[in-house]
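K.L.:
Letter by letter, the chains look like this.
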Amino acid sequence: MKRILILGAGTAGTMMANHLARKIDHKQWSITIIDQHKNHYYQPGFLFIPFGMYDEKDVIRNKTDFIPKKVEYIQEVVELIEPASNRVKLQNGQTIDYHILIIATGSRIVPDEIEGLLDAGWRENIFDFYTVEGSVALAEKLKNWDGGKFVLHIAEMPIKCPVAPLEFIFLADWYFTQKGIRDKVEITYVTPLSGAFTKPKASAVLGHLLADKNINIVTDFEIERVDGGSNQILAFDKRKIDYDLLAEIPTNMGDSVIERSGMGDDLNFVPTRKHNLQSKAHENVFIIGDATDLPSSKAGSVAHFQAETLIKNIMNFINNKPLIDGFDGHANCFIESGFGKGFLIDFNYDIEPVEGRFPFPVIGPMSLLKETRLNHWGKIAFKWIYWNILLRGLPMPGITAHMTKAGKKLPK
Amino acid sequence: MATKTYAGVSVEVNEEGYLTNPSQWNKDIAVEIAREIGINELTDAHWKVIDFLQKDFAEKKTLPTIRRVKKVGGIPTNELYELFPDGPLKKAAKIAGLNKPASCV
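Chains as they are written, first to last, in the numbering used here: chain B, 4 to 415; chain Z, 36 to 140.
Be a bit skeptical, because a hint or two may be false.
Claimed, not checked - If you anchor each label on the Cβ, the simulated ranges turn out as follows: (1) G150/B / A93/Z: 48 to 58 Å; (2) S45/Z / T222/B: 32 to 42 Å; (3) G109/Z / P368/B: 51 to 61 Å; (4) K39/Z / S197/B: 22 to 32 Å; (5) Q89/Z / K277/B: 24 to 34 Å; (6) K106/Z / K283/B: 15 to 25 Å; (7) D245/B / D121/Z: 17 to 27 Å; (8) K283/B / E71/Z: 34 to 44 Å; (9) K324/B / T40/Z: 48 to 58 Å; (10) T40/Z / N323/B: 47 to 57 Å; (11) T38/Z / E79/B: 52 to 62 Å.
Derived by calculation from the structure, the hints in this document are not laboratory data.
All figures in this text were calculated on a predicted structure; none of them were measured in a lab.
Glycine residues also receive a C-beta, built at the ideal position from the N, C-alpha and C atoms.
Given these sequences and hints, build the entire structure.
P.N.:
Here's what the structure looks like:
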């Protein structure tokens, strides 16, 4: 019996367990998945918790509920990956051998990468919303907050879900308006990028929206440290920004097991072949989701599109066939913009988000890079799609793994 | 492809003025690029950064990040900002004849 081993039972790992359980010859292959945690989080839902739209119950399930019966699940910390010996060592001392390894260990926030962030004020007037604990604590804080300087700060790129900070700030504008205190809140969006977003066209559209909503934007801000004593964030270029309430997106890094195993770059992301998802260092190791070092967005939709290529390539690898270059960097993201509206963007490695209709040309029904009510409902419906379709590795009707140019207004 | 003349040598540059062929680079060119972007004198401390960028680029085939310049190159980030104010990696890479730091996703 040969083993396929998956490290990480988050969005990407769970999808792969489901794909493999359907495809693999169970007489010859066993599938094992390892994760240290019990809970599966619907991470896109963290964004809604601070504003009282979701609570913990909306975003937490048992990981094992989504793992197929034919897949062995081990809840344990992986101490070390030894790719030269085709095995991993667990914290409990157990060693597990593999023939094929799939790394799906994701990305997480690392607040102690930013000097001063965990000192005075952390979870008092400084919060993250990339963990359920951070989001819930911020929701509590906002209930009784009566206004002041509200600052969102992104420490450095890349981050998981690069649109989330914008959505957060749009929702904050809506939330304070509903509460009747918007005139008492000064909202500022602070980014290390030179604009509102990473891609030029979307950045221009979203930048205008910030101005329309009376949200300040500070760009090219490279943080040196947080001073929780004076409630300021300080940049290397000597700029200082005052805050009363700071929503912080700390440095994102890959899992520490990647660093312990010497398999990652400076941020513990694993060097990965851009189109076929094979490790650059070991031919029987594949990487999917946020754990890769690829220049694609770190988002669930991306993991979904990657999974469609990766399952084919795992089967090709098993059958000694050449790997396909199937992954084109495709990402598809709803951007909640407040007041019951939203945007939708669809892009890949080569083509930035543009206007158009989605998923079908002309009829849509979704509009790309335009603010509509239907896009908001798409975002809300996505929670159901996530738990029932995406995690189970099922196809989404009308949405292909390759980004389609049909329906998009592309520059000539 | 545009060309530009530095220190009497014609070099190929992209639309933002970054050298596209690192083999055309030399120290005199670096001094002139530095002046052009507001750094009048390249001190030993500047050269330490430039040398590290070039050495690391040759090894890794990619421009190091600020984090790596600190961690591996041993150059504290605040020092980097003092040497190359306003976008130190963009400026240092330009002077070193390397590509502009990739924008992220």
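K.L.:
If a hint holds in the structure, say so; if it doesn't, say that too.
P.N.:
Results for each hint:
For the pair G150/B and A93/Z, the supplied restraint of 48 to 58 Å holds, since their beta-carbon distance comes to about 54 Å. In this structure the supplied range 32 to 42 Å holds for S45/Z paired with T222/B, their Cβ-Cβ distance being about 35 Å. Remark: the range hint 51 to 61 Å for G109/Z to P368/B is upheld by a beta-carbon distance near 56 Å. Evaluation of the 22 to 32 Å hint for K39/Z and S197/B yields a pass: the beta carbon distance comes to about 24 Å.
Against the hinted window of 24 to 34 Å, the Cβ-Cβ separation of Q89/Z and K277/B comes to about 25 Å, which satisfies the hint. Take K106/Z and K283/B: their Cβ atoms lie about 21 Å apart, and the range 15 to 25 Å holds. With their beta carbons about 22 Å apart, D245/B and D121/Z fall inside the hinted range of 17 to 27 Å. Range check, K283/B to E71/Z: about 37 Å between beta-carbon atoms, so the 34 to 44 Å window is met.
Remark: the range hint 48 to 58 Å for K324/B to T40/Z is upheld by a beta-carbon distance near 53 Å. The given range of 47 to 57 Å is respected by T40/Z and N323/B, whose C-beta atoms sit roughly 55 Å from each other. At about 59 Å, the CB distance of T38/Z to E79/B agrees with the hint of 52 to 62 Å.
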